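Undergrad: Add chains B, C and D to chain A, keeping to what the hints say.
There are 4 protein chains.
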Amino acid sequence: MRSSVPSLRLPCSAAATQVSVFDTDDKPHEQCGVFGIIGDPDAAQMCYLGLHALQHRGQEGAGIVSSDGSALHSVTGLGLVSEVFSDASKLAPLVGSAAIGHNRYSTSGAASALANVQPFVAGYRFGQLAVAHNGNLVNYRSLRHELESKGSIFSTTSDTEVILHLIATSAARPLIARIVEACESLSGAFSLVFLTADKLIAVRDPHGFRPLVMGRRPNGAVVFASETSALDLISAEYVREVNPGEVIAVDVNDMLIATSYLLTRKPRKSCVFEHIYFSSPNSIIFGHPVHASRYNFGAALARESPAPGADIVIPVPDSGLFAALGFAGASGVPFKQGLIRSHYVGRSFIAPNQEERDLAVKLKLAPVEGILAGKSVVVIDDSIVRGTTSSKIVRLIKNEGKAREVHMRIACPPIVGSCYYGVDTPRAEELISNRLGVNELRQEIGCDSLGFLSLESMKGAFGEGRHMLCDACFTRKYPVTAPEPLAAEVGDEAED
Amino acid sequence: MRSSVPSLRLPCSAAATQVSVFDTDDKPHEQCGVFGIIGDPDAAQMCYLGLHALQHRGQEGAGIVSSDGSALHSVTGLGLVSEVFSDASKLAPLVGSAAIGHNRYSTSGAASALANVQPFVAGYRFGQLAVAHNGNLVNYRSLRHELESKGSIFSTTSDTEVILHLIATSAARPLIARIVEACESLSGAFSLVFLTADKLIAVRDPHGFRPLVMGRRPNGAVVFASETSALDLISAEYVREVNPGEVIAVDVNDMLIATSYLLTRKPRKSCVFEHIYFSSPNSIIFGHPVHASRYNFGAALARESPAPGADIVIPVPDSGLFAALGFAGASGVPFKQGLIRSHYVGRSFIAPNQEERDLAVKLKLAPVEGILAGKSVVVIDDSIVRGTTSSKIVRLIKNEGKAREVHMRIACPPIVGSCYYGVDTPRAEELISNRLGVNELRQEIGCDSLGFLSLESMKGAFGEGRHMLCDACFTRKYPVTAPEPLAAEVGDEAED
Amino acid sequence: MRSSVPSLRLPCSAAATQVSVFDTDDKPHEQCGVFGIIGDPDAAQMCYLGLHALQHRGQEGAGIVSSDGSALHSVTGLGLVSEVFSDASKLAPLVGSAAIGHNRYSTSGAASALANVQPFVAGYRFGQLAVAHNGNLVNYRSLRHELESKGSIFSTTSDTEVILHLIATSAARPLIARIVEACESLSGAFSLVFLTADKLIAVRDPHGFRPLVMGRRPNGAVVFASETSALDLISAEYVREVNPGEVIAVDVNDMLIATSYLLTRKPRKSCVFEHIYFSSPNSIIFGHPVHASRYNFGAALARESPAPGADIVIPVPDSGLFAALGFAGASGVPFKQGLIRSHYVGRSFIAPNQEERDLAVKLKLAPVEGILAGKSVVVIDDSIVRGTTSSKIVRLIKNEGKAREVHMRIACPPIVGSCYYGVDTPRAEELISNRLGVNELRQEIGCDSLGFLSLESMKGAFGEGRHMLCDACFTRKYPVTAPEPLAAEVGDEAED
Amino acid sequence: MRSSVPSLRLPCSAAATQVSVFDTDDKPHEQCGVFGIIGDPDAAQMCYLGLHALQHRGQEGAGIVSSDGSALHSVTGLGLVSEVFSDASKLAPLVGSAAIGHNRYSTSGAASALANVQPFVAGYRFGQLAVAHNGNLVNYRSLRHELESKGSIFSTTSDTEVILHLIATSAARPLIARIVEACESLSGAFSLVFLTADKLIAVRDPHGFRPLVMGRRPNGAVVFASETSALDLISAEYVREVNPGEVIAVDVNDMLIATSYLLTRKPRKSCVFEHIYFSSPNSIIFGHPVHASRYNFGAALARESPAPGADIVIPVPDSGLFAALGFAGASGVPFKQGLIRSHYVGRSFIAPNQEERDLAVKLKLAPVEGILAGKSVVVIDDSIVRGTTSSKIVRLIKNEGKAREVHMRIACPPIVGSCYYGVDTPRAEELISNRLGVNELRQEIGCDSLGFLSLESMKGAFGEGRHMLCDACFTRKYPVTAPEPLAAEVGDEAED
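Protein chains in written order, with the UniProt record's numbering: chain A, 1 to 496; chain B, 1 to 496; chain C, 1 to 496; chain D, 1 to 496.
Next up, chain A with everything else stripped away, as it sits in the complex:
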């Protein structure tokens, strides 16, 4: 799901002269989590809990659409799940035994549009249809161009809307055939859940870029979710992944499950960053437990890029934790918590006239001088994107924590390619590893040594299934052609 054109119904944006603390986060960002459930008397409540368990995949907005068997009901809003559904009354309209939900990722600093919060609901000739999408369509512009040339109008700036149009313009019957026909046109990453009055349908793109799993609750309800963490929370058993290219439909009346596949077959290319950073450590993603991958990446990093003479290993919390434990376990260097992360800063601001240049980072991460002072410290981070934060962290550890040496170790390879499959990475020229070699980067960051995990080591550490991973951000080998040039703008047909 992406949102590239200025939003149409944007609520007016405050002119932000203050610095948001969000801006200090130098991470790629997942774009959304999806959830669906059918056959549960508390479908909306289960959906609400599932979205809680997927909250880390998107914080800009959240929404739930339920079906009561004949009509859809929708509640969407900007903000966290706990803000959109601030009390039980917010769930009250969402009656029925089937529901889908969506967490939307927050584009830092940009004005947010309520109209772009999913699930989208549309009326068409066969009734109502709702959809929630995780991923990104690389052929969105050409699809939209084609649909517009046939007379379609668009009420959002999201690539997800083209999917609804493609289904609405399909002549195929029944619904599952329309969905297959529509999805055959899509290129890129899509893990989708659809809801109609009587059916829940899950679809995953042929490459299997983004995760999507299936589970079952003790009461027989069928669940789909981006991660197994959402299954665990509602005591649903993990059944299996939705396979790449698979379309699974469940009927609300008889709970029969119909499975089919998109014709297009593609090599599996599952996003390795789900294991590096995005997914919850307690999730099983692409069949592998995430915490184990991270631990193994850290251990491999210790072997490949050791820090001889180091006194302690500390993570950049929270994302570097498991890799730091792996590094400590493999190297024998003691693990310590040398940086304390505040979990309250959220939407704090810092006045622009603030003298302290590293204040935003300090507000989030507090160094523990008693642990760091005089030490040679290995700092484990999961990744470096723009490189804007690493130097601040090093200064924090050295100047405030009084560390003697800082050895930074990154539990993945240098990022050199933008992602076109549902991850918000900056443009290639903004990626620091495209501009600086490792040694230059070390100087820029100001640490005493710097090491990345090599691609080979990372895949080795991942183990079985290593060949199914998409590594385009490290290699620029894109499994699907990058998006058409921007020349093909939307709504661009020339008048006479």
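By construction, these hints were calculated from the structure, which means they are not laboratory data.
Fair warning: there could be bad hints in the mix.
Which copy? The list can't say, so a pair holds if one copy fits it or any two copies do.
Below, simulated SDA-like cross-link-like pairs (lysine to any residue); rule was C-alpha separation at most 25 Å, straight line [unchecked claim]:
#1 Lys150 with Val180
#2 Lys90 with Arg347
#3 Lys27 with Ser82
#4 Lys150 with Phe126
#5 Lys90 with Val252
#6 Lys402 with Tyr238
#7 Lys375 with Gly69
#8 Lys477 with Glu181
#9 Lys375 with Gly463
#10 Lys402 with Glu241
#11 Lys375 with Ser260
#12 Lys398 with Arg217
Quick caveat, the model's predicted, so the values are computed rather than measured.
TA: Positioned in the frame of chain A, the structure of chains B, C and D alone reads:
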């Protein structure tokens, strides 16, 4: 603009166990006011003021869309203009020299959907297109059915959305031709303003059901508005009505005005209720000053249905004021203000366990005992719809005001037909004059005498142009066939 | 109740670069309405309704305190009654059969402090005590100084707080004796209602500056209110005024009514502006119906200051209405509604770069050209304070309404004295009639003739009881010495 | 600061039928953090940052009062610092070079009263005085009784208000002498910061129950704060503790620092729970780094209560982290992160009809099956209060995490005494260790073994200064007599 299907994106509605004071208003309700301006450096601010002047036409929501010459910007919200645009920062995003705005009418008691607040903005092959609509399309369902069968999807439940689809699916060029082609398909009432990146277009249906006027500001800006009151407020000169069937386009670059007409010609049928109740008394509607019509209706009523022996004439404020002055002027019975209207009650509630049955009316209207006590009182109201309020007013005047006699006079004929052209009237069976004759109604209301203005007298009082009026609500002679039966539901195509 | 020192707990105020429409109102402003009820199972609901009926006396804040027989419960907030009590759940905590309420007047443009919203509740040695106050204490500063010198601390900047301190420091018993002792110290205007766990007490200052009436509901509940309009709304019978200097206590257990009087006896000095402008036209104030006073003022004005050759008489709505009817009745010049008042503008803003200088007035008052054009118009306003609005109204009627002549008639004498008894009037030097004689003022306003009602005529028109009126704002004959010089600041004792 | 009497100005509370996630937290709760700064051009901004660093000490409300040298300015509100100060405009009114701030602790489930949010500001004979308080006065009731008997009125239900009254009723001069005199009367815990127009004063009770430190910014500004973490964030150097019984005053004009002491000398009794749970791990409290205490408590626990045969050690995050690292370090059992804590749940709710009994805990803590399955797991928690959560955590680890054995180790002794010095602990009968011995508790919790750290070991691990600790919650040896019996109610003097 209408909203007949359950709303899709409805924010959850509080279960209302309390009685809203709004429910006490036994009036037909106008559905919306529209405004457009082009060629003004303060276009959005002028639009904001224009919507203030049209606030009486709709209080559920308000919105403005502006064009900066290349892109549209939108701010919409639920509530009054002063609530949606609560401070100047709310107008800040609305840059550019052209803008359109809309006031949405409040459906009493129903949950309101932000998605249904106009102006609507859509992207299509030629760029962005915004629209604001006053009126009601009688062939909405068949148009939507037809569009859906060709693959269109709908994101609102408003009839206005079909207009955007019709334009998007039109093959005609340039824009004005597409608009003409689209509007040729429409049946019913529509006063429309459109905005694109570089054009403002006003359209009025061939019958001219709803008002739409054109004006010009001293700086040359061209203005369209539902009523001349909006022109007055921003010191725009009233140029003329947009003619029935006329399409007027103004280009932002050269300010050239292009006028054309829909092919369909129809007899003029302008809504007489604009003069009876809806429009602001200081507006000129269909070329006639509203205050004068009302005064004349009251004077005609005095002649046709006098109240011999009455001591005073009082209006039901505020809408009965001018007719009461007319009645007093023609009859010589002194005009008094025997009922005081509170202007603060707005969204007040009354707890349901309230012992006082007439409390909601008392909260709004306070009788002045010193004026009413012991008197024979003529009470002038503009109309009776369901008849739910009149008896309460009579009780108020008799029991609390201690009046000796109450002679109710209504400044229009009995309402016997629902309106299909943009006025929210109850279904025919709920119209009290369909159930009770004048004498029965008098008994039900509890007044000592009751008189309506006859259709002939009303038209006579209106004077020149009387033949151009739509009087279907008094005669059930509908200029356009009533809507297709509800059997033709939207999104109703059967699956195999 | 006044609030002269910068508020302590002020919520941060938006830097207002926009012009509030409120600023266009050139009227003195009443400071508050009070209400109390005891012996009613729906005490809080009755209080809520009573505050609605008194809403015109203050719009800045509202609050209700109830007693359940052993403890007090409080809900207060900024804004209108319908905003503070936005749904029935807001009344839910206010259990018990006794309650008092307060409407707070809105100081235009100033930051409002929630801490200053009444009723105030305090704990002291005998339990809890709540108070609501209409009026102004002229010896507030010396009382506060004295209390502070004995160790009292103040949590508000309201003069009302000293009353609570005086009661708390009184050695007298029982409660009514403490209240009498405390109120003996007060100088100025005070209509008060107190609530304790088991008693409702009403007090009025010896001059009887501000109104306070007593009523009884059919169920036996005893009611106190600033105006009879609040009695009418809840079907309470008007019993009598609380007499000047009277203290009436009602016990919740036996409903016994105990009356006593302050020792101090003073000549009655009731505020004539209650009849000119403040009170609701349907209220009976100081035993006189307000609508009749206004009509008589207008009639006297017609005799004293006729406008020969005038075609029509129009009011400045809504406050000039009854005087205009009186003028029309006495002069024979026809009454017309030449200005339409918008009741939606409320908290609207106008961007400061607005070219139109009279826009704020136009937003509120719309001239009806068809009534005014070419006419010699008598315009009736109730009063002129700073004179800032009158010229705008004259321009509106002449330029936009196209009137030939405008003859302004003011239904009270020129205001030359600030009020120290609970009315918010500007300082003496800002009163236009202190700077300009009638003829100069006519030129400034731009009308063709200008006439004020003389004090003698006004009193004559008032009739019986004319000698009991406070007319200090017209004569500067203050019944109570003006407040001590500002030198005596609060919290001003010098440190060593 | 405590708030024991029903709040007077309580905003109406929603009847909560839903279960708050907050309820799952079985911890004692700190009551508030305080901050003060003087001599800084950005005083309010520094205060805002300081409150951020102290946010863990209280989340119910926050406030800042600044002085511009002649007047105080205040902004307070309910919620987190980032909610009360949601954008930079909220700080705008807080001008001046001195400021104090306060974080208020959230009483779970209770209605919160804005009136009780500190700093409190009062006017008294010498001007304005503001105060922020961390701690609890055990003689609040008798002080309030005494003050009320002399005529004081109370506008809050907080013990802090008596301090202001005591200062106001003091005859001493200058200010510092009044503060000393007032504080001599206080019994219990108080770390206080006061602000007047020209002075910042910090006071700590003679026992030194709660922490309070002094620091200095590079620009010379003097800072007081509950914890050194607040100094670190604003780059203030840690100077020293405010000594028990010390009063430090700083003048805004000359920045001179005057120190004096309360006459009463008491043995030092500093709250050991600051080290066990409350304070930030990167703070230095009572001269000891908190992270080191916790590590040492964990190491001592491993020695005293080992878990032979255990496979892994995991913390209950986040508070058990350092103790778990200490346990792992001392025992050689590997440290793992077997529970993942969600940092988004905040104000989430769970519908009451939820079948899952342990859901609230699961929403906050997710077990990592891949780490726990089949293992013998040592779980380190910092403390057990009611014992309501421990059994849920054990079930989580066993049932969902599939652990073979769970050995719970608590890094402090059993809690058997309520705290009267500023910590919110339940009444003695609700403390599980008062009802169950260790073995019974083990059965109740359902773990395979249970061990607490003994008091001796804890003090031994604390090292130097062990004798200065208050351990009343473990020993019921209260350094200050427990509060007077509740019989002495406030506002309780009998009427005749």
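Undergrad: Each hint needs a verdict: does it hold in this structure or not?
TA: Each hint, compared with the structure:
no. : hint               : verdict
1   : Lys150 with Val180 : both (20 Å within a copy, 19 Å between copies)
2   : Lys90 with Arg347  : both (23 Å within a copy, 14 Å between copies)
3   : Lys27 with Ser82   : both (24 Å within a copy, 23 Å between copies)
4   : Lys150 with Phe126 : both (20 Å within a copy, 12 Å between copies)
5   : Lys90 with Val252  : within (24 Å within a copy, 41 Å between copies)
6   : Lys402 with Tyr238 : between (47 Å within a copy, 15 Å between copies)
7   : Lys375 with Gly69  : neither (64 Å within a copy, 45 Å between copies)
8   : Lys477 with Glu181 : neither (28 Å within a copy, 49 Å between copies)
9   : Lys375 with Gly463 : between (34 Å within a copy, 23 Å between copies)
10  : Lys402 with Glu241 : between (47 Å within a copy, 22 Å between copies)
11  : Lys375 with Ser260 : neither (58 Å within a copy, 40 Å between copies)
12  : Lys398 with Arg217 : between (50 Å within a copy, 19 Å between copies)
In this structure, the hints that do not hold are numbers 7, 8, 11, in rising order.
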